[in-house]
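**Student:** Protein chains in written order, with my numbering: chain A, 1 to 347; chain B, 1 to 347.
Same chains, same names: a pair is fine if it fits in one copy or spans any two.
Below are the DSSO-like pairs computed for lysine-lysine, each with C-alpha atoms no more than 30 Å apart in a straight line:
id	residue 1	residue 2
1	Lys217	Lys78
2	Lys86	Lys212
3	Lys212	Lys95
4	Lys217	Lys95
5	Lys86	Lys217
6	Lys212	Lys78
7	Lys86	Lys96
8	Lys260	Lys96
9	Lys78	Lys49
10	Lys210	Lys96
11	Lys78	Lys238
12	Lys95	Lys210
13	Lys86	Lys324
14	Lys96	Lys217
Hint data in this document are derived by calculation from the structure and do not stem from the laboratory.
Take a look at the letters that make up each chain.
2 protein chains.
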Amino acid sequence: MPTLTKPSIYYPEYIVTNNDILNFIKKYHSNTSHMNQLEEMIYNTTIEKRHLFFPFDLVMNLGLFEERQALYEEVARKYSLLVAQKALDNSGLTKKDITMIITTSCTGFMMPSLTAHLINGLDLPENTIQLPIAQMGCVGGAYAINRAFEHCQLSPTNNVLIVALETSSLCFHREAGKLQDFISDSIFGDGAAGVVMRGDDVGEGLSVVKSKSIFLKNTESFIQYNITNNGFLFSLDKQVMYSVEMIRNQVNEFIQSELKHTDNIDFCISHTGGRRILDEVQRCLNLKPHILEKSRESLKIVGNTSSVSVIDVLSRHFGNVNHKDQGVLIAFGPGFTSEVMLGEWRV
Amino acid sequence: MPTLTKPSIYYPEYIVTNNDILNFIKKYHSNTSHMNQLEEMIYNTTIEKRHLFFPFDLVMNLGLFEERQALYEEVARKYSLLVAQKALDNSGLTKKDITMIITTSCTGFMMPSLTAHLINGLDLPENTIQLPIAQMGCVGGAYAINRAFEHCQLSPTNNVLIVALETSSLCFHREAGKLQDFISDSIFGDGAAGVVMRGDDVGEGLSVVKSKSIFLKNTESFIQYNITNNGFLFSLDKQVMYSVEMIRNQVNEFIQSELKHTDNIDFCISHTGGRRILDEVQRCLNLKPHILEKSRESLKIVGNTSSVSVIDVLSRHFGNVNHKDQGVLIAFGPGFTSEVMLGEWRV
Numbered sequence: 001m002p003t004l005t006k007p008s009i010y011y012p013e014y015i016v017t018n019n020d021i022l023n024f025i026k027k028y029h030s031n032t033s034h035m036n037q038l039e040e041m042i043y044n045t046t047i048e049k050r051h052l053f054f055p056f057d058l059v060m061n062l063g064l065f066e067e068r069q070a071l072y073e074e075v076a077r078k079y080s081l082l083v084a085q086k087a088l089d090n091s092g093l094t095k096k097d098i099t100m101i102i103t104t105s106c107t108g109f110m111m112p113s114l115t116a117h118l119i120n121g122l123d124l125p126e127n128t129i130q131l132p133i134a135q136m137g138c139v140g141g142a143y144a145i146n147r148a149f150e151h152c153q154l155s156p157t158n159n160v161l162i163v164a165l166e167t168s169s170l171c172f173h174r175e176a177g178k179l180q181d182f183i184s185d186s187i188f189g190d191g192a193a194g195v196v197m198r199g200d201d202v203g204e205g206l207s208v209v210k211s212k213s214i215f216l217k218n219t220e221s222f223i224q225y226n227i228t229n230n231g232f233l234f235s236l237d238k239q240v241m242y243s244v245e246m247i248r249n250q251v252n253e254f255i256q257s258e259l260k261h262t263d264n265i266d267f268c269i270s271h272t273g274g275r276r277i278l279d280e281v282q283r284c285l286n287l288k289p290h291i292l293e294k295s296r297e298s299l300k301i302v303g304n305t306s307s308v309s310v311i312d313v314l315s316r317h318f319g320n321v322n323h324k325d326q327g328v329l330i331a332f333g334p335g336f337t338s339e340v341m342l343g344e345w346r347v
Numbered sequence: 001m002p003t004l005t006k007p008s009i010y011y012p013e014y015i016v017t018n019n020d021i022l023n024f025i026k027k028y029h030s031n032t033s034h035m036n037q038l039e040e041m042i043y044n045t046t047i048e049k050r051h052l053f054f055p056f057d058l059v060m061n062l063g064l065f066e067e068r069q070a071l072y073e074e075v076a077r078k079y080s081l082l083v084a085q086k087a088l089d090n091s092g093l094t095k096k097d098i099t100m101i102i103t104t105s106c107t108g109f110m111m112p113s114l115t116a117h118l119i120n121g122l123d124l125p126e127n128t129i130q131l132p133i134a135q136m137g138c139v140g141g142a143y144a145i146n147r148a149f150e151h152c153q154l155s156p157t158n159n160v161l162i163v164a165l166e167t168s169s170l171c172f173h174r175e176a177g178k179l180q181d182f183i184s185d186s187i188f189g190d191g192a193a194g195v196v197m198r199g200d201d202v203g204e205g206l207s208v209v210k211s212k213s214i215f216l217k218n219t220e221s222f223i224q225y226n227i228t229n230n231g232f233l234f235s236l237d238k239q240v241m242y243s244v245e246m247i248r249n250q251v252n253e254f255i256q257s258e259l260k261h262t263d264n265i266d267f268c269i270s271h272t273g274g275r276r277i278l279d280e281v282q283r284c285l286n287l288k289p290h291i292l293e294k295s296r297e298s299l300k301i302v303g304n305t306s307s308v309s310v311i312d313v314l315s316r317h318f319g320n321v322n323h324k325d326q327g328v329l330i331a332f333g334p335g336f337t338s339e340v341m342l343g344e345w346r347v
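Isolated chain A, as found in the complex (with noise of 0.2 Å):
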């Protein structure tokens, strides 16, 4: 069964704390109605810590769509290329095994994308295949595991390398007030990781045992980006909080059609969302609470990472794990899409 190997994961240096938040709505946004409100939510969210690639001052004076851009892509080529040779190094392949490259990165963009960027860097063959995905937000990394299992079904000799690399502080906007945009900057941060997926069953991984794609119709307005000149404003329905609940048949009964019931869950990689997300989670796939202690730790201590936080959840569980324990992969995106994945730990 195709497995994933131990992921690499970096954050950044610089450090934005709720604190930080909460000044600069106080410099900047003292007439708005929610402040009360925003200082008990911030709180709430339990994450005491998030890393940006740049100093939060200067991420809150950026301007428009170029200007940003520019910096996306000065740490993107950089930060993707040192994730994806540390997870490649972890897989026990060299470059010349690689048959895909998948990236998702969801708030710059670029094209040629990181996936040209990736093959010339670190000098993977001229035929892989490239998907390089901006798209599905937060889904992303979910989305890119699921993605590399079709590929490696169509042969044990198929490895894949998927790289989530998020620059989530690049969407902040300082004159963005209303109270879903405080609460985006209350929860993002930036960060990178790199999985290899092999085809193979060699080594010590997280064996894919089968994916699913969940799609919630007309539910576009969950989570979405509006388009402005200062580039991506993430954009927040509070409906988004019902989504687990709406998807929690479906996810249940493709557990337990290979699992025979969530009771037997050994373990949950899910994307930390917010603090409300995971407890979504928790309460609708009926699992204990210590089952997403590796998830909230994510969040808690490094933010909603988007496309790189069910990666770094993963990583969380290496060590941490008994051989044949069985679980599950989720995350949440726009669409609103859910990514599914069931796995079987080979340890």
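Please build the complex by placing chain B on the supplied structure of chain A, with the hints as guidance.
**Tutor:** Okay, now just chain B, sitting in the frame of chain A:
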């Protein structure tokens, strides 16, 4: 073998001619030193007209990114649905048979992407796999066909709906005054195309035998976007003229692996690129002149429609081929990337 069924094609009502472009340059860039050279180059493209989603004057007076993106979203939603529905009708399948939706569109950006819009608009199954591609540029149509082929190889009950939609004219910029900007403005046209790949071998169409991705290392500058406050600005390196020569051996070896010799090719469905690219395809693949007739016809009457182009040329072959005709579908795009497919007609 997975089979491409009859495509649907849409070209919008506004038409731009070589004279329109020359008048524009004379009006706004009268001090350019390239005027004589330009006039000759524009008439040498062999393009007679192109279709645009909006009047040429409106396009050439567009400003910042947000304005362009709003126009993109308006036509992308409307016409992607139109060509998708017709392609589905042509395929003999119904909406419930579709297992994957691929969209390829490099001239605008939406999140959620057009894949979400089409699942909603066509009421496709809620487990449809989405593949929204924004960063493969002109190779996007052939790229989508090759990814669909992989998906269909997993099961004969897999069926893929592909939609390519390009608003290339929204990437024209009035202030852009380099020689290559004028060339871009002179070759690109708008349009939309839909095509279904059936996983089984029922009905008329082009059956896919084999697919291949070819990447040319260290050529990211050949075809790229500059990301400006006015949106995407196309940039083309003169070196791109040598790209077909650079991949010539790989393409010919791939063709010979199945078809013995390129002399045996009954058809070549080529990305239209420009006249010189088609000349290079003819020379490097050692093709008889009539083999590229449909590609040249497409270039002449709609220009280079980016990811739409290769599906347009595919469409022009329906009704003009014989049972068991064997040949190649090939396109080129940023990376530099070429996607190549070998196929056989079932008539």
